[in-house]
Amino acid sequence: MSLYGMMRTGVSGMNAQANRLSTVADNIANSSTNGYKRAKTEFSTLVIPSTQGSYNSGGVQTTVRTSISTQGVLQYTTSVTDLAIKGDGFFVVQNPSGQPLLTRAGSFVLNSEGEMVNAGGFRLLGYSYANGDPAATANGYAGLEPVKITQAELIATPTANGFLKGNLPADAPVLTGAPSATNYTQKTSLVAYGTMGEEMLFDVYMSKTSAYDSSTGTGVDEWQVEVYDRATGTLVPGGTATMTFDNTGALTAPATASLALASGQTIELDLNDMTQLGAPFDIADAAMDGAPPSTIESVEIGTDGVIYAQYADGSFKPLYRIPVASVTSPDQLQVLAGNVFTESPNSGPVRIGFAGNGGMGDIVSGAVENSNVDIAQELTEMIESQRSYTANSKVFQTGSDLMELLVNLKR
Amino acid sequence: MSLTSALSIAQSALFNTSRQTSVVSRNISDASNPDYARRTSIYSSTNGGARISEIRRATNEALFRQNLTALSGWQAQASMSGGLDTLQLRVNGPDNATSPAAKLGVLQEALQTFAATPSNVTLGENAVEAARGLVRSLNNGTQAIQSYRAELDAEIKVSVDDLNRLLAEFETVNKEVVKGTRAGSDISDAMDARDSLLKKISQYVPVSTVNRPDNDMMVLTADGATLFETIARPVTFTANTTYTAAMTGNAIYVDGVPLAAGTGGNTTAMGSLAAKLQMRDVVAPQMQRQLDETARGLIEAFAETDSSGANPLAGLFTWPGGPALPTSGTLVEGLAGRITVNAAVDSEKGGDPKLLRDGGINGAAYVKNTSGAASYSSTLIAYTQKLDEPIAFDPAAGIASPRSLTGYTADSIGWLEALRQDAARGAEAKEALSVRTATALSNEIGVNMDEEMALLLELEHSYEASARLMSVVDEMLATLMSIAR
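Read top to bottom, the protein sequences are chains A and B.
Just so we're on the same page, the numbering used here is the position in the first sequence counted from 1, plus 462.
Just so we're on the same page, the numbering used here is the position in the second sequence counted from 1, plus 80.
Bound conformation, chain B alone (with noise of 0.2 Å):
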């Protein structure tokens, strides 16, 4: 028994070194794939030499998690800080020379220079020019605002193809796992793969996992719909192409439950979806209240009263239900995208600019300068002083009322920068924790390059050690061959 025995031992021997050889190599040649986790050979003993028994993958379920959390909330973040960034460039930035508030300051400017020479017809028209660029930044910031909707809702959507494709992806994945793990073979590269998917997933939509039997895994949003359980449950969404200011965007359902949008500058939205959510739903319709409230004041501020001092009528400024004037401190939605010029004051619409200095634009009864002096400017000073004058604005649009029209445009700036620079904060704090968790886990499960090549040497070693085995039992039997003669 004894020589034919130690040969099949470090013919044994060899195999292992040959199998652990190829566990080192596949471990060095993917040390730079964040989703790889480390393997190690699992030795058992048998009678005939020991035997590999196992290849285990090194996992930490709780890193894992932790940085699953930590991607969500970053995602959800970098979307949210990324939005907020194109609003504020496209409608109202402090930097901004079309925002309403710069275009309100240019108004009250001409008012005033127009007022200090009442005579002069060109100040009239660089006046009424001037609340054209103002209703232009109007209109033009509607429309951005609810482009910008449209362009979230077909974002949402390829994301929810996205993320259905990645769910059934995750589908064949796990079969194979559940399928190896039964079968007792190695499964390392479906688990990779299952992890892998799982953090790309977990970009769009806040993940937590319920693990079966067999490493069956369930996978539910962190508000307990489910994502995939056996099957992949359909994430459906359609998109509207077009906005308006009174529509309301369609939800994202998970398995027939509604997606929650998230809260907040510092977002408490995990995943990209709920990200954009808020921003279609709570941060783009909320700065669109702000500019109808503020196109609202611009027409209260405007109004004109007649000879007696009441019945206003709608002034410099109108909109489709004028002359009328729209209730006083109610919102009207989408007003911002509807108000004009009156067309009796423009000029370019056969207008009389002087009618903003002597009244008179919704007839003669509302004229204040009645004997047509060139020099009637207490009107046109009294439109500037309107503009300061703190008015009541619709509370549903997030800023403190009474406030004065200019205050309000500013204070519109400022509701925007302050979401902003939540946002980016929100946004540093949770890049921060979601790279620290990256690199805990990678330190837990990642491949260190140091020990796989001190474990090479030593394989090296081990291989020569048993082939030399093999050539000692060789001549010994070649010995006892040369003795039988």
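If we strip away everything but chain A, and leave its shape as in the complex, we get (with noise of 0.2 Å):
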């Protein structure tokens, strides 16, 4: 009903638009900022009680929300510690002081200390396999750690087990005299790592023992193992093995070497897949584990978030897996500088669980996610708000002219 509250409401009006004017700048200004989520502007009416006859006009309330759930594009990069989320969920990082923040911005490189660390100077937090297999905390951020990598620390994996799968001539001759390093039927040998990553070459030497006799249906198919050391061509302590053969050429019973080596190391040699077949000696496959010492070479990121090492050999070993958290609103979010969210009482409390699981998204590793603007969006929206804007200031040019002519009313 009044010139002064219908003025306002055009003022009102104004607000409104320079709102979504500023959202719309934050958005094109952020078009290629990685992770960053647009901002929008919704708008709701204020009312203000009228009567039949006269009508009060009231305004418009402005609420900015920001698509924090909506997806960017993925964008492929040529550096491993670039994460991306594909799917719900944010990384979890650290700012300066400390405090657990979410993010989706995932453009991680190593500072001076070997932590990972964003464009947005946040370090990414994640649980450490030092104690183990870690478990993801479900409601908090206890157990988190700073992910740090340090390149010059060794490695080394003893050997535990090896195996040796294969086949011995059935009709190699009985051995004369005791089996020994240089009396044998078949020889062959095999690496293994010490406790101190130290290369250790064992000789296996197989010797047939006995043999079944065909014509009296007596006797067994029997091999003698015996492992020696090469670097003291000695026999290893528990390097013997008996393998008694079957008329169908396979093993009677297990065979087995457990060697105990003077620094206290046991590797057992399975010899359970050897056969006794008409055929030539052959070795179809044989392998020991273990691994020499090492230095980190490069860092592996798994679809699941674990940080593997990779070591000179080309071995691998978890060293860190990256949590992924997730709000029940993710849009509600408190949005602070630097790409990173936090809670906020609408958004919900934040729950923490692994890359794949239980709703959040894959890591994707070698990617970064770019922001969910669309240029396009923006400035139709721009063009949208400016026309708004200026028949909004017309309702107030109005209202202005209207109360210059009531003033003139009274000379």
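Bear in mind the hints are in silico, worked out from the structure with no lab data behind them.
Fair warning: there could be bad hints in the mix.
[To be verified] In the BS3-like style, the derived pairs of lysine-lysine whose C-alpha atoms are separated by at most 27 Å in a straight line are:
#1 K779/A to K255/B
#2 K255/B to K627/A
#3 K627/A to K279/B
For clarity, every value in this text was computed on a predicted model and none was experimentally measured.
Build the complex from these two chains, which are given one at a time in their own frames, with help from the hints.
Here's what the structure looks like:
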């Protein structure tokens, strides 16, 4: 009813459009910011009590929403420490003062201390494998620590298990004399790693000690296995086993040599897959586990969020597991500077889990998530907003003109 | 979302096309490299447009292994064939004028001529000269065989050193493959290098391979000795610089296990090392034994008996154990190298060739021509006949006995020729197999230029299309910008 009321309504409309233009400006400015989530404005009416005959114009209220839950396009890069989440969830990061925050901006690089830091300067948090397989703390940040990868760390894995798989010739004659390193039927050798990661070469001598006699039906096909340390040329304690074969060429009882080394290390050499068939000597497969001492050569990150260190010999060791956090209403998270979010009363509490589990997205290594801003949309919104602003200013101008007329009635 | 994502998809398409083009150009540039296997790029789709997920390398394990085996066989046969040719040229060939068979023929002829005119001392001198020629042929033959064995040792040593170097290289490349596989990087080049090394190794020794996780490979010889498992195993060999007939060569040890020599002319040996061992330890010694038996036969044929026809002693030909005769029918190793013309008949050493006609090389008791008649020829005739009479030879020399001495020398040539023919025929067949498997392998994994060019055309078009897409999106955004003023 009042001219003032109408003018104020025009002002509130202009304010609302100014807010909207601000979000558009922000969106366009951050359209290339990795992990940026588009802000949008929602309007609602403000109604002032009116009577039947007189209408009191109210105003418009602005609410700024952020489309946090909308996925941005993944852009692939060449750095393995660039991470992106495909699906729901956030990385848990820490600001310099130690406060845990959530983010989807995953262009991490290693800083001078080996910590993974993103473009906003936040450190990535993860669960360490130092004390065995980590489990996520569902409802809090407990147990999380900054991921720290020190390249100079040396590790060695001593051999614990080995196996030999192959065929021994059934027609081999029985060995005369006691089996030894110089008197044997067949021989092979395997590399193992000691407690200090040193390379050890073991010679495996296999000697036929007795044979089944088909004419009398007596005797058994028996092979004696002896394992010698090549460096010393001596029989390894425990490095003997007896393999007895039945008439189908299979072992009648499991055969394993348990090498007891002077260093206290024991190596189980599994011989259960040996056969004795009427074919020449043949090694079908053989291996010993363990790895020589080596430094971290590179870092690999799996889709389940496990950070593996790859050592110079090519072996892997898990170092950290990156958790994925989520909240009930991600769009209601509070937005802070640096593409980070923190819980707000409306977002619900943080739940922490692992990538790929329970509705959490997958972690993609070697990719970053682009902002979910579309320039075309922002531009059209800007034009629309500009026109609304102009219309609101016309309302204000009209009120102002009428006021002027009213004031001039009295002279 | 739409325009921006359209842009980013077009961008990733451009990136993919350029990467694929680099794969194609690599294929084309290596088209004539026999160790190169064709690469193809594999796409996987993501929500931001397709992405090249891996570069795959064409392989055919079965054909590759076949090729390795064929290569080993051919190398062995080629070494064998080459070695036999050398022996034929240097010692005992059908067209070889200095072979013992040819020289024996000359001696026989000279004796016959002398027997026809026993009074002619010059003819006696000729006969002794022919005997000298035969001795030279046997002595030189022995030397040639033994120096050939020493040469083989030197060659084996070079091969073994090369093999160790190849295995060390294999270790480096294998490490690269394993590491690359675990890290998920492109290992095609390392795989090419590893396959090429395997081909080189299989020329020396036959290989069988065991594939382990992470593309790790274990290399064994065909008889199960380890050549490579995580680290290269040593291949050891000590060469002898000189050889005598009685000497046995040293074995080649692969990880402590001796390498077996091949057998037969169309040899069972795989890889040049086994073939060289066969030449050194089987073929050359056998030939030596035949020369030794020829020498022993000569000493026996020209032995003198005393007037009672008993107590035979070495006559025209003698040896360090003379004047006693070597045991009949039993091999004396290295005899061919030690046989000499008896000094008593050798005019160069002050002897008298007439003793050949009259007997008495071993003293007065052995004189046959007691009357000193200038026309006495029965001893000479007996000698020529003796050469054609069958005598017992040691079966260890590998030629059927009893046989006449002339027959024996001819058989010795025949033995070598048969072996050589076998080897040559085998070499042809094995070379053909090796070439065939190499061709089949190359058809399977090699680069087909036409295919690559067709692919290149396709790539060109898709690049153009992606670029066009970008320019269209750009135009659309420009239109939008011009509205907002």
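Given hint K627/A paired with K255/B - CA-CA distance at most 27 Å: Status holds; Cα separation ~23 Å.
Pair hint K627/A and K279/B, alpha-carbon separation not exceeding 27 Å: Holds: K627/A and K279/B sit about 25 Å apart, inside 27 Å.
For the pair we were handed, K779/A and K255/B, check the Cα-Cα distance against 27 Å. Roughly 18 Å between the alpha carbons, so the hint for K779/A and K255/B holds.
Of the numbered hints given earlier, the model fails none.
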